[in-house]
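Using the sequences and the accompanying hints, generate a full structural model.
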Amino acid sequence: MLFIILLSLLIMYIFRFTLKTAANIVYSIKINNLLESINDKDDLSQIGFGDFVYLMMEVFRRKGYKVKMTDKCGEENNGLILNNLQYVEVIKFPLNKRIEVETAMKLARCMQLNSIYRGMIVTLGDFKQNTRSFCHKYVIECINGDKVLEMCKEVQKRRPVLETNQPF
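Counting from 1, one number per residue, gives the positions in the sequence shown under our numbering.
Since the hints were derived computationally from the structure, they do not count as laboratory data. The beta-carbon is built from N, C-alpha and C at its ideal position, and this holds for glycine as well.
Per label pair, the in silico range of CB-to-CB distance:
#1 H136 to K20: 39 to 49 Å
#2 E75 to Y13: 32 to 42 Å
#3 M12 to N96: 41 to 51 Å
Within a straight-line C-alpha distance of at most 25 Å, the following computed DSS-like cross-link-like pairs (lysine-lysine) qualify:
#4 K30 to K147
#5 K68 to K30
#6 K41 to K30
#7 K153 to K30
See below:
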């Protein structure tokens, strides 16, 4: 009887693990397809907040970083750590919104508390000048929507089709 219970639990665990793994693979494919389909900032603005965080994780991975989510910085699961050395806060603001200095101050505080000496704030919007000044002083890189688009295009695997004017 005990053997049957243990066997049932093991089968349920394996089934759950398999489903979870399959879901992760499907989501990873979705994020990769999103990344490959980005042509302009409007495409980026159509992506949901959660997907945007995972999209940025994939961009950083393709750029060669070791990326993990962290709860030691950021809010609402938008904190990342690159190579265990740099905190990243991913904020999906609208294209016309500018990041206030308080956001950078919070990140700087998290960095100080955890002995991290470099940071990055990623947004689709932009940064106020006082925010940029604060970030420069505290070694926090400001990545705005233009730079996000550039980074996405830089790591896309598809290659543009060359057009020729010659007939076949």
